[in-house]
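Since the structure of chain X is already known, use the hints to place chain Y on it.
From first to last, the protein sequence lines are chains X and Y. Going by my numbering, the residue at position 281 of the first sequence is 281; the numbering climbs one at a time, nothing skipped. Going by my numbering, the residue at position 20 of the second sequence is 20; the numbering climbs one at a time, nothing skipped.
I should point out that these hints are in silico values taken from the structure, not numbers from a laboratory. Note that the structure is a prediction, hence the values are computed from the model and not measured. It cannot be assumed that every hint is accurate.
[Unchecked claim] Here are the computed distance ranges between Cβ atoms for each label pair:
id : chain 1 : residue 1 : chain 2 : residue 2 : range
1  : Y       : Gly216    : X       : Ala496    : 34 to 40 Å
2  : Y       : Ile202    : X       : Met506    : 38 to 44 Å
3  : Y       : His205    : X       : Gln500    : 46 to 52 Å
4  : Y       : Ala124    : X       : Ala485    : 33 to 39 Å
5  : Y       : Pro81     : X       : Pro545    : 30 to 36 Å
6  : Y       : Gln33     : X       : Lys548    : 18 to 24 Å
7  : X       : Gln500    : Y       : Glu25     : 48 to 54 Å
8  : X       : Met506    : Y       : Pro32     : 30 to 36 Å
9  : Y       : Val220    : X       : Phe643    : 50 to 56 Å
10 : X       : Val502    : Y       : Gly216    : 43 to 49 Å
11 : X       : Thr568    : Y       : Gln33     : 43 to 49 Å
12 : X       : Met506    : Y       : Val220    : 44 to 50 Å
[Unchecked claim] BS3-like mimics (lysine-lysine), calculated; alpha carbons at most 30 Å apart, straight line:
id : chain 1 : residue 1 : chain 2 : residue 2
13 : Y       : Lys111    : X       : Lys477
14 : X       : Lys548    : Y       : Lys212
15 : Y       : Lys111    : X       : Lys548
16 : Y       : Lys217    : Y       : Lys126
17 : Y       : Lys212    : Y       : Lys126
18 : X       : Lys548    : Y       : Lys126
Glycine included, C-beta positions come from ideal geometry on N, C-alpha and C.
Now for the letters of each chain:
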Amino acid sequence: MGDAATIRAMNRWWHHVQHERGRGQGASGLLRMVWRWWCWCLCALGLSGALTVHAAHHAHHAEGPHAQAASSPPVPLNLSGVTVLDEACVIVGAGIRPPDDEAAWLHTTLPHLWSSTHPGYQGTMWYRFRVRLAAVPADTWAVYLPRAVMNAQVWVNGSAVAYTGSMSDPVTRHWYTPLLVNVPSSAWTVGENIIYVRVVSGQLRRHGLAPIQAGPAEQLVARQQQRSWMQADGVLVANIALLALGVLMAIIWLRDRDQVAVGYISAAALMWSVGTSVMVAPNPISPVLLWENLAFFITAWGLLMICLYYYRHGGGRVIWPERLAQLMIVVVPAAALISPTTRTQVLVYCAIYALAMGGFLRAAMTIARQRHPEGLWLLLGIALMTLAASHDLLIELGWSQFDAVYLLPFVAPLNVCLIFISLAGEFSRSRRALRDLNRTLSARVAQREHELRDSFARLAAMERAQAVSAERSRILKDMHDGVGAHPSSALRQLQAPAGQAVDLPMVTQTLRDSLDQLKLSIDAMQLQPGDVVGLLASLRFRMTPRLKAAGIDLVWDVPEMPSWPMGTPPALRQLQYILFEALSNALQHAGATRLVLMARQTEGRLTLSLIDNGVGMPPGSEQGQGLQGMVGRAAVIGGQLEFVRPTQGGLEVRLTLPWQASDWSGLSSAA
Amino acid sequence: MSLTTADPWRVVIVEDNAHTRHFLEQCVVQNPQLRLAGSFGTLSPAQNWFARQGADLLLVDLGLPDGSGLTLLRQVQQRWPACDMLVVSMFGDEENVVASIEAGAVGYVHKDDEATDIAETLLAVKRGASPISPMIARHLLRRMRPREGIEATAHPVPEPTPAVGRSAADAVLVALSPREQEVLAYIARGFSYAEIARQQGITVHTVQTYIKKLYGKLAVHSRSEAVYEASRLGLLAPLGPTN
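Bound-form chain X, shown alone (with noise of 0.2 Å):
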């Protein structure tokens, strides 16, 4: 009833959700408040069952054994029906027949928990109960055992009934079997008879005796049957279901290393079927003390995954708990072995508790913030799980019904059912997204293409359009300067004032100027960028009409050098104009029969010199238009024009320039 209650609420909690969500970020604080209320009331929902429980245990064991019992009378058996027997005699210790009347029987009310009279004792007890009977029963009866731990052997009359397994060590750990015993209609008389209960302790367990029953057969075994399942046959076939699942999400991880929290718990799926197959097994295979151990730490760590799992389910990493559940990992089968007590056994499943109620809620808060609608399922699980645990834990601390059944080994094989539910809820959610993702990804693809390759054609067209421009500058600064100026000074030339001569020879040169000017234009054009010998050849090659008219004899003193980093074209040009003035002023005013051009490259400098072996320049001609003209353009590019004059006569023009950009400052400090 109250699952069903929470799940109704949980379910409308998430319509809730649902509906608010879309109402925008202030909505979100308010839902994240209710939320942790939430948590906070399923926690305490489980506590405040347990202590309910808890309660009501303590009322039904206020009575301990007494003497005054012994002579109390006898119980009637119901013919037709099962009568439960809680009131019983018990001696402790004694052989392996019931002790006699005589002995010290003590009266006690049932469940008798050792633990509670007799702490630390183990070895045998027998019960005695004095019933009577109105007839002979006609059919088959039964006495039934829900809890008697660890194993229990059935007297009637004073003879063994059946045989339930080894009485002696090892003794058959029966301590989570219903025991049921036939007792033939021979073995009852009418009147007083006498059934006795001997109980023999094992290892490790709560040992003591529920209230048993006597009744016909027929009735007990469907009882019988009905707690069997709840307690073994049920548990084996969710065992196997769980294997089957941890096998499955194990694979899963193997597949995907990423996915932390599908290895957590699929190992602890794993370790917790494999822990609670053991723990039920009735027949160890090993020495009862390590098969105890190893039943008892492999389920442990086996919720210690799940713990685990949950600090991992929203991904990232809570460090300290993580740490913590490493750690009991360890410590665990350590302080099992060191201290092999049910009190070290409480201590971790407390320990366990604990750290695995933070892991719900640190999940319960991501799934809340996610909201995927897989979310639901785990959270159904997270519920299911606190209730289960809080009640088991109940039964651990003995705050509970002696004979209770234990709600994990179906609730955790449900809750990995659920994670699983969730899990395939996720990778179909994946898997449809990715469709959809690839349904649109190629259309996105062409599409980005598309405006990658218009943007690329639109970049290309704006650098086509700049380098256009800047080239049309440069032809434009080039006319301006150079080819342009030549034509309108032949023109001047020949509009002579009336009456005075043109002068011929002088309208010729500068229109030869010009077809040179535009020729050295356009080899400046074609140049490599830093090419300074091809400029020099190139210029040499295009003079060489001038100089052989000139009869002027030019020596080429030209190296192979390496490109020239700062010829950039305006550079190189700026470097033509300088050389074909030079040149000029050598070939019309010095008056030289032999020219020497040098070029070096040493020590971060371009040097090129012109050297005639003319009349030299005359004092004062630095200052002429056109020798400034080319010293200022040798300070664009960073340069340095002299006018040197050797002491054999005429005159050296010298161009320093530096070689890359680091060497201006070198060179203008040296200037």
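Just chain Y, lined up with the frame of chain X:
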């Protein structure tokens, strides 16, 4: 015809500018070793003329009113391989000169050259020489690669860098001999024929013949490129043994 024969070289001029044409005609007429065989202002009469007869020298302008001089160069090259062709260029710029050489021209003259220089160039071509500028030499060095297995020359030469977009055409390489490579490198650096001859210990004439051979190779190279490109584009059947 040869130098030993007394007959002057027959020259055909194709130039649309009347002044320039007249100037060129005068250059030819004034030299006794040359004879003006024909002079045209447009492309088609020149084509008709060459359809009927050949010449020893052709001087052609590239920019003609009814077409490109390159068309005529290709036709004459095919029909009259003995005819040496020169282009009349304003600037001797790389683009036009290289295109002309690829079409079969063995040189060029500038429009502003002296008359005697032009006549001398024509005669020099007939003697096996070809004019070349350092800019053209640099272009050729970039374009051509030395034959495989030829060691680098003792003299530094500009790094031959393949021009952009030439990778497919590079499949057909022009085989330059080491000597041709060296001569080209010197020209590219601005040295005169005389200076090169002195340094290499050869005659100026030999230097000049190297250049003419180079031009021939470039024309062949450009035809190979055309064939290669055509077969690559599927315009021609794949190259293979023919019967």
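Evaluation of the provided hints:
{"no.": "1", "hint": "Y:Gly216 - X:Ala496: 34 to 40 Å", "in the structure": "violated, 51 Å"}
{"no.": "2", "hint": "Y:Ile202 - X:Met506: 38 to 44 Å", "in the structure": "holds, 42 Å"}
{"no.": "3", "hint": "Y:His205 - X:Gln500: 46 to 52 Å", "in the structure": "holds, 50 Å"}
{"no.": "4", "hint": "Y:Ala124 - X:Ala485: 33 to 39 Å", "in the structure": "holds, 35 Å"}
{"no.": "5", "hint": "Y:Pro81 - X:Pro545: 30 to 36 Å", "in the structure": "holds, 31 Å"}
{"no.": "6", "hint": "Y:Gln33 - X:Lys548: 18 to 24 Å", "in the structure": "holds, 21 Å"}
{"no.": "7", "hint": "X:Gln500 - Y:Glu25: 48 to 54 Å", "in the structure": "violated, 35 Å"}
{"no.": "8", "hint": "X:Met506 - Y:Pro32: 30 to 36 Å", "in the structure": "holds, 34 Å"}
{"no.": "9", "hint": "Y:Val220 - X:Phe643: 50 to 56 Å", "in the structure": "holds, 51 Å"}
{"no.": "10", "hint": "X:Val502 - Y:Gly216: 43 to 49 Å", "in the structure": "holds, 47 Å"}
{"no.": "11", "hint": "X:Thr568 - Y:Gln33: 43 to 49 Å", "in the structure": "holds, 48 Å"}
{"no.": "12", "hint": "X:Met506 - Y:Val220: 44 to 50 Å", "in the structure": "holds, 48 Å"}
{"no.": "13", "hint": "Y:Lys111 - X:Lys477", "in the structure": "holds, 25 Å"}
{"no.": "14", "hint": "X:Lys548 - Y:Lys212", "in the structure": "holds, 23 Å"}
{"no.": "15", "hint": "Y:Lys111 - X:Lys548", "in the structure": "holds, 18 Å"}
{"no.": "16", "hint": "Y:Lys217 - Y:Lys126", "in the structure": "holds, 18 Å"}
{"no.": "17", "hint": "Y:Lys212 - Y:Lys126", "in the structure": "holds, 10 Å"}
{"no.": "18", "hint": "X:Lys548 - Y:Lys126", "in the structure": "holds, 23 Å"}
In summary, the numbered hints that this structure violates are 1 and 7.
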